[in-house]
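*Asks:* Chains as they are written, first to last, in the numbering used here: chain A, 1 to 685; chain B, 1 to 162; chain C, 1 to 101; chain D, 1 to 496; chain E, 1 to 514.
Among the clues, some could well be false.
[As the list claims (entries may be wrong)] Calculated lysine-lysine pairs in the DSS-like style (CA-CA distance at most 30 angstroms, straight line):
hint	chain 1	residue 1	chain 2	residue 2
1	E	K105	D	K448
2	E	K339	A	K80
3	D	K360	D	K34
4	A	K166	E	K460
5	D	K377	E	K105
6	A	K80	E	K504
7	A	K166	E	K458
8	A	K30	E	K460
9	E	K106	D	K452
10	E	K106	D	K448
[As the list claims (entries may be wrong)] A few chain D residues that face chain B, going by a derived Cβ cut-off under 10 angstroms, partial list only:
hint	residue
11	Q5
12	Y107
13	M114
14	V136
15	F142
16	N203
17	L476
Quick caveat, the hints were computed from the structure, so don't treat them as lab data. We put the CB at the ideal spot given by N, CA and C, even for glycine.
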Amino acid sequence: MIENPMILFPLLILFLPLLSFIIVIFFGNKLPRQGDWVAVGSIVTTFLLACYLFLQMFLNYDPDFSHGASFSWINLGEFKINLGILVDNLTIVMLLIVTLVSSCTHIFSLAYMKGDIRYNRYFAYLGLFTFSMNGIVLADNLISMYMSWELVGVSSYLLIGHWFEKDSAANASKKAFLTNRVGDIGFFIGIMLLYSAVGAFAFNPIFESIAGGQAIAGTTLTIAGLGIFMGAVGKSSQFPLHIWLPDAMEGPTPVSALMHAATMVAAGVYMCVRLFPIFTPSALIVIAYIGAITAILAALIAVSQNDIKKVLAYSTVSQLGFMILAVGTGVYTAAFFHLLTHAMFKANLFYCSGSVIHSMHHALHKAHDHDTDPQDMRNMGGFKDKMPITYFSMLVSTLAIAGVPLFSGFLSKDAILAGTLSFAQHHPEHFLLPFFGFLAAALTAFYMFRLIFMTFHGNPNIKSIVKNIHESPKEMTSPIVLLGSLSFFIFYTLPHNFNPMKDKGWFTDLIVPRNSAVPGSLTSNEIAEYAHHAHYLAMGLSLIVASIGILLAYLMYQKKVISAKNISEKFGFFYDWSLNKFYFDENYNRYLYQPFLRLAHTISWLDWEFYDKYFINGFGKLTKLLSTVSGKFDYSGIDQGFVDGFGRASNTVGKLLRNVQTGRLQNYLLFVVAGILVIIIAQAF
Amino acid sequence: MADIVFWIISALTVMSAAFVVLNNQLVYSAVALLFTLFGTAGLYVFLWADFIAGIQILVYVGGILVLVIFGIMLTNKIKSVRISHKSMQQGVGGVVIFWFFIFLFLALTKAPWVVTEAIEPVGTVRGIGILLLTDYLLPFEIISVLLLGALIGAAVLSRGDS
Amino acid sequence: MNSLDSYLFISSMLFCLGLFGVITRRNAIAVLMGVELILNAANINFVAFSKFNGMNLDGHIFALLVIVLAAAEAAVALAIIINIYNNMNTVNIDDVSELKR
Amino acid sequence: MTNLQSLEFFIPEIILVITILACLITDLFLKKSKTDLIGWILGIGLVIVGLSVYNLSSVPPTTLFLDMIVIDPFSSYMKIIIIISTLLIIVASWANNELSKYRKGEYFTLIGIMVVGLFLMTSSIDIIMLYVSIEVVSIMSFVLAGYLKLNTRSNEAGLKYVIYGAFSSGVMLFGLSLVFGLTGSTNYFVIQEAISSIDSSANPALIMALLMIFAGFGYKISSVPFHFWTPDVYEGAPTTITAYLSVAPKAAGFAMIIRFFHQVFSDSIALSGNAMGYTDLPWPEIIGILAVVTMTLGNLVAIQQESIKRMLAYSSIAHAGYMMLALPVLSIDAVESIMIYLFVYIFMNLGAFFIVIIVKNKTGGETFDEYDGLGWKMPIVGALMTLFMLSLTGLPPTAGFVGKLYIFKTLVGAGNDFLWLVVAGGINSVISLYYYFHVVKVMFLSGKRSDKLSYPPSLMLGLIIFTAVPSLVLGLYWNPLANWVKESLVFYSQGM
Amino acid sequence: MENILSLLIWIPILGAIIVACLPRDNENLVRYISAAITGLEFIVAIVLWRAFDPVNGSMQFMERYEWIPSLNISYILGVDGLSLPMVLLTAMLFFIGVFVSWNIKKAVKGYFALYLLLNAGVLGVFLSLDFFLFYIFWEVMLLPMYFLIGMWGGPQREYAAIKFFLYTLFGSVLMLIGILGLYFTCGKTFDILLIMERAPEALNGVLWWGMSAAKVIWVLLFIGFAIKVPVFPFHTWLPLAHVEAPTAISVLLAGILLKLGVYGIIRVNYGIMPDQVYWFAAGLAFLGLVNVIWGGLCALAQTDLKKLVAYSSINHMGYSLIGIAAVVAAGEMNGSDLKAAQAGLSGAVFQMFNHGTISAMLFILVGVVYERAHHRDIDGFGGLASQMPIYTGITALAFFAGLGLPGFSGFVSEAMCFIGAFPVFKAIVVLSTIGILLNAAYFLWAFQRVFFGELNEKYKDMKEINGLELFTVIPLAIITLFFGIYPGPYLDLIKATMDQIIEKIAFAASYGVM
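Input sequences plus hints: build the corresponding full structure.
*Replies:* As structure tokens, this is what we get:
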């Protein structure tokens with residue numbers, strides 16, 4: 001089994017980064033160059049292995065190409081967990097994405113992170129991340145997917161918090177992890193629901209048993225599906241858990257490119273694609289709306305952001321919303337397609353922004369300017385000539401994300417919009433979905449070009465630094481060039497199709513949609529049919545909205561015909577909301593975190609200051625009180641005080657004799673007599 | 001006639017007993033106790049217990065009571081016989097004891113005592129003597145050990161050594 | 001007249017008076033007097049039961065022993081009292097240190 | 001058996017009386033500083049007495065002196081307990097500095113006389129004998145409690161003891177007179193027979209009598225509400241006597257109660273098995289309530305004591321309560337449990353008191369202040385005191401636990417009516433932990449390592465080790481004890 | 001091999017005696033000898049483990065000697081899949097604990113003598129199969145613990161010690177009553193195995209206070225064990241005792257003593273009254289839920305690092321309780337869901353072990369920083385990560401293990417508890433998943449406050465974790481990781497025994513009254 005390269009190579013791809021992590025974290029400090037070559041070497045190897053797998057897949061050209069292997073992890077007789085890997089076309093494409101972007105990131109980081117105090121740990125964590133991401137990709141069952149899922153969260157935590165001296169970074173990393181955990185809880189509940197019904201964790205048995213319709217169906221299945229989808233909501237930063245991703249930009253920029261743009265956040269989409277067969281139609285509707293809302297919401301926020309990475313972050317959220325929308329409307333291969341293209345161009349956009357920030361940083365450093373924010377676009381402008389490679393590469397990717405023909409984004413976005421449109425055509429009550437989709441597409445074109453114009457065009461806003469801006473070193477530009485070129489459509493339509501308007505190509509041939517396992521759902525053919533009908537309309541519309549967006553940006557930020565300031569003042573309310581990200585953080589803080597912390601403090605107070613102090617210690621106090629009372633009753637406390645001094649036995653004999661009895665004793669006798677009386681009356685008469 | 005004497009003696013006994021516990025002057029109480037003890041001895045006579053009556057007067061009146069008065073005198077630097085001492089909780093105590101008495105007496109009167117008719121013996125000394133040397137030999141002997149101990153104890157405590 | 005009940009009446013009267021004395025008196029010797037009343041009450045019982053149970057002399061023996069025991073008890077009590085008296089006189093005069101302790 | 005025939009079985013007591021006389025006479029020829037010798041005489045005498053008791057323990061149960069007392073294994077067991085505790089007290093008395101100012105001749109003689117009384121308490125089957133033996137013990141106790149003539153507290157103890165002792169025995173006497181009147185006899189078995197066939201109209205008087213008699217019993221075992229003398233007397237009396245009062249009269253008192261309730265107030269089948277038989281009198285309930293109140297009060301009041309001696313006094317009240325828990329059941333198991341408890345109680349309680357003596361000899365005080373850091377200064381004493389406290393609390397693996405185990409076992413086994421007693425007993429153990437471990441806390445938890453370790457004189461060291469060994473060993477292996485108790489569980493009863 | 005279990009118990013007792021006899025000025029000798037004794041103990045435990053037959057779910061290495069025949073008390077020892085891992089954990093933690101206590105300065109001799117006595121007591125509880133023996137060992141633990149907390153603890157040590165003692169004694173007294181109840185109903189024997197056989201029949205229809213005796217006894221025993229676990233609302237001794245105890249003792253308290261509670265519930269309550277499990281399981285699961293949420297929330301609000309870890313123990317033991325409640329899934333009325341029962345029970349037993357290693361690690365690590373800073377105020381640190389990278393790394397590892405990260409053993413067992421309990425107690429499990437979030441929240445928040453941010457100037461000279469301390473933590477970390485990655489060996493060890501318990505409980509459903 002293991003000799004089979006289709007099993008062995010994925011396993012190597014999985015574990016090589018882990019090995020690199022272990023070597024670099026423990027011995028990195030002692031190795032030359034802090035062991036970065038170990039990390040880069042291993043990751044490039046995995047990339048090559050992934051290329052081999054891809055080639056195999058490509059040569060096979062079989063949509064049902066699939067390999068798998070598993071071993072028994074836990075076996076208690078009835079309760080069994082087998083962990084294993086599943087290698088099919090989807091996996092291989094995803095592996096390629098991950099290893100490619102990861103390799104690029106490693107190489108990019110060689111220069112970007114040079115001289116960092118925790119250089120080796122950075123590379124180690126990248127290795128850990130790649131391992132866990134590959135784990136998600138290769139998982140053939142829910143448990144190992146969940147495990148990798150959480151591990152991805154941890155590597156994200158570690159990398160976002162790489163510069164933990166900054167409070168903002170520490171906070172962001174914690175926020176990312178906890179927000180993800182919220183989603184993971186849903187994921188886990190979904191797993192438990194599925195397992196308790198189906199009795200299996202592996203994907204295939206689950207699909208089969210759902211298809212059987214006996215074990216689980218209806219509302220339960222919907223809830224299970226939505227629970228699992230919660231995981232995607234957290235990881236893919238969907239509304240309402242989208243708040244962590246923009247903050248995650250506190251991490252180093254290559255990390256943002258790798259994890260928070262291309263791969264990790266796409267894991268949610270990947271999972272939805274992988275598990276698409278379990279979603280019931282009602283679950284899908286919820287998913288679609290979540291995606292649509294996320295897409296439009298993030299786009300609206302992105303238009304007003306000034307931090308270059310924040311714009312890209314919200315753009316990522318918005319694009320992820322598109323993908324989720326696609327899943328929800330049933331065209332999940334389109335979602336995956338968009339994942340693929342988006343990974344390329346968005347990673348590239350981040351590298352480019354990293355390149356810009358890197359040089360800004362150096363320039364500011366040279367100018368001894370420590371106050372200017374190197375990420376604020378308002379401080380940039382006119383970098384076009386200083387950084388040509390970065391500029392052109394970024395432009396290409398921007399065109400791709402804006403959905404301009406000839407570029408990859410056009411193909412995938414078009415597929416999604418077509419799917420959404422056809423869905424709305426068949427379910428007119430859900431007309432908002434395509435509306436949000438197209439509006440978000442327009443906004444995307446707008447804010448991306450706003451970014452381009454503000455950064456590279458026009459006049460420098462701060463002249464003093466522009467002279468120090470120059471192109472980044474080769475380690476950084478080479479990934480930029482590579483990924484920039486991958487934004488062209490041609491790489492996705494090979495080998496048959498050279499028409500930039502049609503998405504048909506190896507991807508659509510090899511990644512074919514499967515029927516939902518839920519009985520009664522639309523078949524994949526029907527969905528494809530419907531989408532096909534909507535294709536041209538969607539294409540037209542998307543071209544129109546993209547042009548409008550670009551034009552608007554051009555007019556506002558290049559030609560300055562329309563004053564952005566005027567508009568923002570005119571729509572002050574909306575502008576405020578957009579600028580402040582719809583006050584999500586503030587409201588969460590006020591209505592969620594703070595009450596929760598207060599609850600924790602109240603509970604702790606209850607536990608320690610109240611329950612323990614008054615209730616538990618109350619028993620002790622009560623005992624002591626009783627003790628005092630009975631002590632007083634049994635023997636006067638005042639007498640006790642004098643006992644040791646024999647003051648009670650004072651100086652005349654008569655007094656001693658008189659006081660020899662304290663009244664208590666006679667009280668006692670009185671009680672005794674009274675007690676006997678009562679007993680007599682009760683018992684005898 | 002005998003009844004009248006009986007009641008007089010009884011009244012004397014009880015009333016002087018009441019005096020013992022109610023009077024505030026210790027010496028008066030002691031004297032009242034004397035009358036109670038005498039009265040008790042009288043009752044013993046009515047109960048055909050001539051020997052016990054004699055012992056009562058000899059030991060109780062002659063011994064114990066003297067000891068008691070001696071104790072009173074000794075422990076109070078007597079300047080007059082009016083050695084006052086206070087009582088406490090007489091009210092509540094009185095009520096409780098009163099009811100206690102009522103129920104005690106009720107219980108006693110209702111109880112089926114073992115009653116056998118008997119004729120008045122000539123004297124009880126002989127009978128008591130025989131019993132002491134047969135059935136009750138052991139208590140009788142033990143009493144002697146006890147008296148020995150009491151003697152030693154009293155001597156130890158009151159001797160003025162050290 | 002002159003029945004068992006009348007003796008029981010007197011004995012319980014004495015008993016209760018003795019009890020009353022023990023309960024209310026503050027002076028040790030007065031309490032002792034109350035105790036003597038109780039002993040007498042018991043003795044009356046013994047002797048009375050003796051008579052009304054066919055002159056069963058067991059009761060007489062009991063009463064006799066009680067009287068002797070009471071005497072022994074009183075002797076010991078008095079010895080203790082005298083001891084206290086002796087003790088106090090000496091302590092009062094010279095052993096101030098113990099008071100200060 | 002006639003008086004003459006009885007003498008053969010009365011040898012232990014006779015030897016004892018001879019020993020007492022020997023003590024008395026020897027004392028006349030001794031100087032004050034040499035009076036420890038009397039202890040030797042009494043001790044040797046007691047050993048011989050013990051041997052002869054042991055010798056007689058296997059004779060078939062029979063009555064002596066025309067139904068005055070019995071000789072049966074049960075009384076032999078109790079007598080041996082009494083002898084062991086007396087011997088320990090004699091040894092401790094040599095080392096007790098409180099007594100060094102006084103002649104000890106009379107002291108030992110009085111203890112000897114007291115032992116006679118205790119012996120008779122365990123074996124009397126006649127209410128006259130019962131009363132006389134109680135009085136013997138009481139009067140000797142009065143004197144011994146007030147033995148420290150120069151100490152006002154001791155005087156006070158003696159005085160209080162006399163007054164309340166006389167009062168309690170007076171009340172008991174009145175109760176006995178009622179029993180005599182109702183049954184016409186002073187003999188247990190005759191009384192038992194009479195009561196079993198008595199008219200129910202006697203019940204008020206019987207209950208009255210029972211309660212009054214219990215005043216005397218309760219006084220001896222210091223049960224609430226007849227315990228009031230205990231704290232003051234225990235505190236004022238010489239510590240050796242306090243220790244003695246807390247074990248020997250208590251043991252004899254329990255023996256007396258068991259015998260009395262068994263053979264007077266219950267059916268003859270009572271001891272034949274676990275079945276209980278008693279007349280329709282509510283005495284099990286009354287004793288049960290008294291037991292709970294006794295231990296609760298003892299424990300509660302012990303908590304706030306500042307003097308360890310006084311704390312131990314209340315603790316001994318509490319222990320009386322634990323033992324009383326088994327009384328209402330009064331099955332074979334119950335008697336067995338009380339017997340075992342008494343045996344282990346001797347060692348743990350005497351051990352604790354001996355340590356009080358050691359500390360008092362050393363520091364002159366008996367409050368908690370004197371125990372501050374004791375565990376660091378005198379590690380052996382501290383460790384053994386901890387052991388005694390553990391045992392008194394009733395924690396395994398100490399003997400005290402075994403005692404409690406037997407008591408609880410009896411109650412659980414006796415069924416539903418007695419379960420609440422177990423719960424009460426259990427909660428009381430927890431309460432008692434608090435004050436027992438207050439001692440431990442003071443000894444170890446406060447205070448610092450001291451460079452100079454001191455050890456008690458070898459005599460006292462030997463004594464506490466001697467008491468500590470059974471306190472621990474009996475907690476781990478008490479099978480011989482259990483067997484001995486089982487063998488001793490034979491009462492003389494009329495049917496035999 | 002015959003008497004290997006006795007060997008396990010008596011080695012530390014003899015060791016305690018040996019240590020007590022050593023000269024009191026040679027402190028190092030005391031330390032080395034204690035290390036040697038616990039080391040030997042650990043080796044014996046490993047030998048036992050190697051000789052243990054995991055396929056056989058019954059008692060092994062049984063020893064049986066007459067002890068007190070008059071009460072039918074015997075000296076019975078035995079080990080099965082439930083107790084063996086606990087024995088191993090005990091031996092290991094006590095061995096490690098010696099090194100954690102290396103810096104104890106006060107009365108070293110006394111400390112180690114009591115320490116070894118505690119060791120014997122704990123092992124005795126795990127190994128004894130006679131109630132009397134069990135109870136003796138149960139109580140024998142108390143005294144050393146009292147002294148170890150009371151003499152070597154923090155500022156409030158005396159209060160903490162007596163509180164611990166009183167709390168536990170209260171529980172054990174109730175337990176004693178329960179045991180005596182069983183003694184009488186099951187034919188006057190203390191033999192646990194015999195009682196197991198007889199109890200279901202013997203207790204049938206017996207009434208105590210008008211209630212079913214089985215239920216009353218169950219509750220009495222349960223309270224005794226619950227205080228040790230500790231189950232809410234009997235938990236308040238724990239934060240105090242943990243905070244005041246010296247580091248090694250906190251390690252043992254959390255690592256082993258808490259396990260005794262759950263062990264007792266499984267061994268005694270489940271083993272003897274399997275039919276009553278159905279009656280109580282929902283309550284148990286609910287108490288588990290309360291433990292999880294309450295402990296988590298309290299931990300979130302703590303400012304004392306050690307107290308936080310202490311409350312996290314309450315939280316973690318909650319998972320175990322939920323897990324053991326899951327066993328009722330095997331009952332007929334719950335669909336004879338064996339896989340859920342297996343997952344839950346094995347998960348709970350696994351969780352016991354895992355919490356043992358993880359909390360031990362956490363307490364050792366808290367002790368490390370306390371030793372250097374002399375306080376544990378979470379807000380009083382800051383930025384330690386830049387000063388002590390290795391310490392930070394290991395603490396991060398421990399915290400992540402504590403918050404149930406996959407790859408660490410805690411995850412496996414918590415997940416198993418949840419998965420097992422889910423089919424029967426859906427609402428409770430769903431609510432208690434909030435605990436996962438709480439775990440992450442309090443650990444990460446504390447981590448951030450202690451290690452992240454700018455370095456607190458006061459601690460710029462703080463020393464890195466040293467070799468001895470590393471030596472105590474690393475093995476635990478390795479175990480945690482190993483079982484996180486490959487739980488198979490552990491689960492194989494307990495499987496047969498767990499199956500027996502489940503089978504028994506499943507069978508009880510057929511005759512048990514709900």
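*Asks:* Close enough to count: is the Cβ of V136 of chain D nearer than 10 angstroms to one in chain B?
*Replies:* The hint holds - V136 of chain D has a Cβ within 10 angstroms of chain B, the shortest such distance being about 5 angstroms.
*Asks:* Straight-line Cα separation of K166 of chain A and K460 of chain E no greater than 30 angstroms?
*Replies:* Satisfied, since the Cα-Cα distance of roughly 17 angstroms is no more than 30 angstroms.
*Asks:* Given the hint that K166 of chain A pairs with K458 of chain E, does the C-alpha gap stay at or below 30 angstroms?
*Replies:* Status holds; Cα separation ~19 angstroms.
*Asks:* Within a Cα-Cα threshold of 30 angstroms, do K106 of chain E and K452 of chain D meet the stated pairing?
*Replies:* holds (16 angstroms)
*Asks:* Are the Cα positions of K106 of chain E and K448 of chain D separated by 30 angstroms at most?
*Replies:* holds (9 angstroms)
*Asks:* Are Q5 of chain D and chain B close enough, Cβ to Cβ, to be under 10 angstroms, as the hint says?
*Replies:* violated (12 angstroms)
*Asks:* K105 of chain E and K448 of chain D were given as a pair; does the straight-line alpha-carbon distance stay at or below 30 angstroms?
*Replies:* Distance ~12 angstroms between K105 of chain E and K448 of chain D Cα, so the pair holds.
*Asks:* Tell me if the straight-line CA distance from K80 of chain A to K504 of chain E falls inside 30 angstroms.
*Replies:* With Cα atoms ~21 angstroms apart, K80 of chain A and K504 of chain E stay inside 30 angstroms; holds.
*Asks:* Between K30 of chain A and K460 of chain E, does the CA-CA distance stay at or below 30 angstroms?
*Replies:* holds (24 angstroms)
*Asks:* Decide if the proposed pair is consistent with the structure: K339 of chain E and K80 of chain A, CA atoms, cutoff 30 angstroms inclusive.
*Replies:* OK: K339 of chain E and K80 of chain A at ~8 angstroms, within 30 angstroms.
*Asks:* If you take the shortest Cβ to Cβ gap from F142 of chain D to chain B, is it below 10 angstroms?
*Replies:* Status holds, d = 7 angstroms.
*Asks:* Quick check on the hint: L476 of chain D CB to chain B CB, less than 10 angstroms?
*Replies:* violated (41 angstroms)
Of the hints listed earlier, those the structure fails to meet are numbers 11, 17, in rising order.
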